[in-house]
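Please construct the entire structure, taking both the sequences and the accompanying hints into account.
Letter by letter, the sequence shown follows residues 1 to 267 in UniProt numbering.
Mixed in with the good hints, there may be bad ones.
Said to hold, decoys possible - Below, a list of computed lysine to aspartate or glutamate pairs in the EDC-like style, where the Cα atoms sit at most 20 Å apart:
hint, residue 1, residue 2
1, K65, E48
2, K253, E141
3, K65, D123
4, K241, E219
5, K156, D123
6, K156, E217
7, K253, E183
8, K241, E183
9, K156, E183
10, K253, D144
11, K180, D209
12, K156, D209
13, K253, E217
14, K180, D123
15, K188, E145
16, K188, D209
17, K65, E217
18, K241, E91
19, K65, E183
20, K241, D123
21, K253, E219
22, K188, E219
23, K216, D266
24, K253, E145
25, K120, D144
26, K241, D209
27, K180, E219
Worth flagging that the hints you see were computed from the coordinates, not collected in a lab.
Note that the structure is a prediction, hence the values are computed from the model and not measured.
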Amino acid sequence: MVDDQRSHQSLLFRFKAQVFGAMRMGLRYSSDILYPASCIGCRIQVSEPGTLCPQCWSQLRFIEKPYCPVLGIPFNYDFGHDFGENFMSAEAIADPPPFRRLRSAVLHRGAAQRMAVALKFHDRTDLAPWMARWMQRSGSELLDECEVIVPVPLHKWRFWSRRFNQSAELARRLAQISGKAFEPQALKRIRRTDQQIGLGLKERKRNVDGAFRVPKEQEIHVRGRRVLLIDDVYTTGSTVKAVTCALLRGGAKSVDVLTFSRVLPDS
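Here it is in structure tokens:
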């Protein structure tokens with residue numbers, strides 16, 4: 001009698017598992033029909049979610065060594081292991097930045113530029129996980145060495161109008177991947193600034209000068225710690241330089257910078 005009950009329960013369990021499995025497959029199939037996978041760069045239909053179409057993939061240029069150890073500017077030539085590891089770019093020599101190192105995943109053009117714009121201006125927060133994975137790949141050394149991850153902040157009015165901070169979305173994903181501390185409130189943009197787009201180098205510097213501060217109550221999160229600063233795009237560096245100076249004034253031991261994409265100096 002007991003054996004019959006156990007056998008019946010086992011059959012019932014297997015039957016339920018098969019039914020639920022079939023339901024999951026049906027839902028997945030229906031989802032694929034109603035919401036087919038689309039390219040994360042241009043949104044045309046592709047075979048797998050979270051992938052790029054061949055055209056968008058061909059437009060990407062991931063930043064690989066050899067590059068400037070300070071600014072991460074890719075070199076056209078490999079100077080050899082003994083010499084190339086310490087070979088700095090002319091830009092890093094002429095105008096040393098306040099941060100230690102800068103790394104970016106891709107050049108800011110083609111599909112990468114469209115992704116950055118879509119995240120920032122078109123609420124495509126679904127792109128953040130994929131962008132963060134590429135950033136992890138290019139900034140693995142920085143992630144390993146940092147103690148806290150901090151995003152470039154938005155002014156409260158811009159945050160209110162945009163509803164989210166694209167740099168914080170990337171930073172949050174990187175913190176989840178790396179297991180490092182994430183402190184989105186460690187920095188504050190104390191002055192509302194104009195959009196940097198369309199401004200020249202001098203105007204960009206003047207626009208963000210004195211715009212950032214580490215609040216007193218937040219200094220505990222950065223004081224004496226190696227900070228990894230996250231932003232979406234590196235253009236002239238005016239913003240991350242101003243933010244780095246604010247972090248150092250707040251007691252940070254050092255600051256490295258990691259962005260999704262970057263514009264080359266001669267672009």
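Against the structure, the hints come out as follows:
For the hint pairing K65 with E48, the CA-to-CA distance comes to about 30 Å; that exceeds 20 Å, so the pair is violated. For the hint linking K253 to E141, the alpha-carbon distance of about 17 Å falls within 20 Å, and the restraint holds. Distance check on the hinted pair: K65 and D123 sit about 32 Å apart at the alpha-carbon level, beyond 20 Å; violated. Note on K241 and E219: the hinted pairing holds, with a Cα-Cα distance of about 19 Å set against a maximum of 20 Å.
Proximity of K156 to D123 is assessed by CA-CA distance (about 17 Å); at most 20 Å being required, the pair is judged to hold. Pair hint K156 plus E217 holds up; C-alpha atoms about 18 Å apart against a cutoff of 20 Å. With a C-alpha separation of about 16 Å, the suggested pairing of K253 with E183 holds against the 20 Å cut-off. Straight-line distance between C-alpha atoms of K241 and E183 comes to about 19 Å, which keeps the hinted pair within the 20 Å bound.
The hinted pair formed by K156 and E183 meets the criterion: a straight-line CA distance of about 17 Å does not exceed 20 Å. The hinted pair formed by K253 and D144 meets the criterion: a straight-line CA distance of about 16 Å does not exceed 20 Å. At roughly 29 Å between alpha-carbon atoms, K180 and D209 are farther apart than 20 Å, so this suggested pair is violated. Taking the CA atoms of K156 and D209, the gap is about 18 Å. The hint holds against a cut of 20 Å.
Distance restraint check for K253 and E217: the Cα-Cα separation of roughly 17 Å lies within the 20 Å cut-off, and the hinted pair is therefore satisfied. Restraint check for K180 and D123: the C-alpha separation of about 26 Å exceeds 20 Å, so the hint is violated. Taken as a hint, the K188 and E145 pair is broken in the structure, with Cα atoms around 24 Å apart against an allowance of 20 Å. A distance of roughly 13 Å separates the Cα atoms of K188 and D209; the hinted pair therefore holds under the 20 Å criterion.
With a CA separation close to 40 Å, the supplied pair K65 and E217 exceeds the 20 Å bound. With a CA separation close to 14 Å, the supplied pair K241 and E91 stays within the 20 Å bound. The straight-line distance between the Cα atoms of K65 and E183 is roughly 30 Å, outside the 20 Å bound, and the hint therefore fails. Of the pairs offered as hints, the one joining K241 and D123 is violated, with about 26 Å between alpha carbons and a cut-off of 20 Å exceeded.
For the hint linking K253 to E219, the alpha-carbon distance of about 12 Å falls within 20 Å, and the restraint holds. Between K188 and E219 the alpha-carbon distance is near 11 Å, which keeps this suggested pair within the 20 Å criterion. At roughly 39 Å between alpha-carbon atoms, K216 and D266 are farther apart than 20 Å, so this suggested pair is violated. Of the supplied pair hints, the one linking K253 and E145 holds, its CA atoms being roughly 12 Å apart against a limit of 20 Å.
Taking the CA atoms of K120 and D144, the gap is about 27 Å. The hint is violated against a cut of 20 Å. A C-alpha spacing of about 10 Å is found between K241 and D209, which places the hinted pair at or below 20 Å, so the restraint holds. Restraint check for K180 and E219: the C-alpha separation of about 17 Å stays at or below 20 Å, so the hint holds.
Figure legend: structure checked against the earlier numbered hints; hints not met, in rising order: 1, 3, 11, 14, 15, 17, 19, 20, 23 and 25.
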